[in-house]
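Visitor: Sequence:
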Amino acid sequence: MKMKRPSIPPLFCHTFTVDASAPFRRHLNRLEVEIGREDYRHLKRVELLSQIPSDGVFASMDEITRRVLDSTQNLYNRDLLLRLGIRVYLDAASYSVYYRLDDRALRFTAAWRRRVLKRFFAESPIVETGWRPCDARLPHFECRFLPDGAGGVLLLRLKGKREDLPLITATHGPYDPHTLEAALYFLTTERGGAAIINLGFSGREPLSDENLAKLRDWGIPLNPSNIDVIYPYADASGHPYCYKLEEGLQDYMEILGEGLPQIVIDLHGCVGVAPDDRRLVVGLGGLPPYRRPQDFGALEARDEMLLLRPDSRLRRGLDLLKGISDEICIQFCSAPDLGYSFLMDEEGTLVGRLLDPHTEAKSLIPGEERTWLPEESVRWIPGAGGNALQRMAAHRMRKDALCLHVEIPTALRRRIALRLKEEAIAASLDASGL
Numbered sequence: 003m004k005m006k007r008p009s010i011p012p013l014f015c016h017t018f019t020v021d022a023s024a025p026f027r028r029h030l031n032r033l034e035v036e037i038g039r040e041d042y043r044h045l046k047r048v049e050l051l052s053q054i055p056s057d058g059v060f061a062s063m064d065e066i067t068r069r070v071l072d073s074t075q076n077l078y079n080r081d082l083l084l085r086l087g088i089r090v091y092l093d094a095a096s097y098s099v100y101y102r103l104d105d106r107a108l109r110f111t112a113a114w115r116r117r118v119l120k121r122f123f124a125e126s127p128i129v130e131t132g133w134r135p136c137d138a139r140l141p142h143f144e145c146r147f148l149p150d151g152a153g154g155v156l157l158l159r160l161k162g163k164r165e166d167l168p169l170i171t172a173t174h175g176p177y178d179p180h181t182l183e184a185a186l187y188f189l190t191t192e193r194g195g196a197a198i199i200n201l202g203f204s205g206r207e208p209l210s211d212e213n214l215a216k217l218r219d220w221g222i223p224l225n226p227s228n229i230d231v232i233y234p235y236a237d238a239s240g241h242p243y244c245y246k247l248e249e250g251l252q253d254y255m256e257i258l259g260e261g262l263p264q265i266v267i268d269l270h271g272c273v274g275v276a277p278d279d280r281r282l283v284v285g286l287g288g289l290p291p292y293r294r295p296q297d298f299g300a301l302e303a304r305d306e307m308l309l310l311r312p313d314s315r316l317r318r319g320l321d322l323l324k325g326i327s328d329e330i331c332i333q334f335c336s337a338p339d340l341g342y343s344f345l346m347d348e349e350g351t352l353v354g355r356l357l358d359p360h361t362e363a364k365s366l367i368p369g370e371e372r373t374w375l376p377e378e379s380v381r382w383i384p385g386a387g388g389n390a391l392q393r394m395a396a397h398r399m400r401k402d403a404l405c406l407h408v409e410i411p412t413a414l415r416r417r418i419a420l421r422l423k424e425e426a427i428a429a430s431l432d433a434s435g436l
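In the numbering used here, the protein residues as written are 3 to 436.
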């Protein structure tokens, strides 16, 4: 795939240091781990190998030592690798990372990815699989694995014609817990006809406390920031992996076999602003090319209040989200200093106001790009660069494409996962005649 080099978001360009006397202090993922209590134990597993692999085994892998040293912004971790003389290797086929020291070797396994692959393919394929039928939980769908240098991609599509059902994308599949379940929920409830799910890391996935305890016991006290130096953030040419689904959208659509549907729902997970936050936040764009309110419906001003009556396209997209929550916030920008914040009422009208994101969007935690609007007490999301890339790619394929950047708070994602589990148990009981 041809990749254009976008500018890296400021989050990934921030150079920070860690106090060597407190190496286990969390930094860039404090909101998710310490406040939202997101569970990352499913992501990675680390083990101390009983035997050091031979030189021949390491020669068959890609040495990525220089790549991770050059791309990490965590200077503590960078200095740790240099001080201990750790050489880092990537087995791209299995998506395992090895830390090689003089007297021992460690292996990091992408546990979440392995479980997903075994669920759909009964194994962990290392080559492109072609289309295969899904299991009983997705009886009308088929699946396909596409390998790449960053964990690969899972494609799902409805058998037969999809009648312009939305495309579901999960660009940060493993980082946001339960986004896979959210994607499957859209498919099983006829809210989506196909899905593209990233199976690789984007460099932002923190280590669990259990893994950190093991590393500390082995004398390798990595700092658990969410930009770590295990799975690389950039490829061999320095291009960020986190944009692969957006930049490759046209290629993935060609493999799915039909044209781009009118609506694309890009699923993300957020903590929200409270543990029980159940409001969906839908971003319609915050970077060039900017959109006007008239692009989404009819706008009416009543004193300081704005009413936006969605056109048929946006109304259909928002109706698809109601099964997750009836509290839906819509946000976008029409200029760098001109933002719109709306809340959908019971009739489907969007009620909101104008705002200047530079002055009104505040950080939830100092030093982190986790912004919110204090007046509405809701997350502020339109400035996501990846979503801008998706919109540009979608509009090249279909001028009337509508890309909904949907942030689902932790409480809602957990509820979706529980609902799917209950449905799977009920289906199993029905099949057994109980």
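If you are wondering where the hints come from, they were derived from the structure by calculation, not from laboratory data. Since the structure is predicted, the reported quantities are computational estimates derived from the model, not experimental observations. Treat the hints loosely; a few may be bogus.
[What the hints assert, rightly or not] With a Cα cut of at most 27 Å, we get these calculated DSSO-like pairs of lysine-lysine:
| hint | residue 1 | residue 2 |
| --- | --- | --- |
| 1 | 120 | 161 |
| 2 | 163 | 324 |
| 3 | 423 | 161 |
| 4 | 163 | 364 |
| 5 | 401 | 161 |
| 6 | 216 | 324 |
| 7 | 120 | 423 |
| 8 | 364 | 161 |
| 9 | 324 | 401 |
Visitor: Taking the hints in turn, state whether each one holds.
Guide: To see whether the hints hold, each was checked on the structure:
no.: 1; hint: 120 - 161; verdict: 21 Å, holds
no.: 2; hint: 163 - 324; verdict: 25 Å, holds
no.: 3; hint: 423 - 161; verdict: 24 Å, holds
no.: 4; hint: 163 - 364; verdict: 45 Å, violated
no.: 5; hint: 401 - 161; verdict: 26 Å, holds
no.: 6; hint: 216 - 324; verdict: 43 Å, violated
no.: 7; hint: 120 - 423; verdict: 17 Å, holds
no.: 8; hint: 364 - 161; verdict: 45 Å, violated
no.: 9; hint: 324 - 401; verdict: 26 Å, holds
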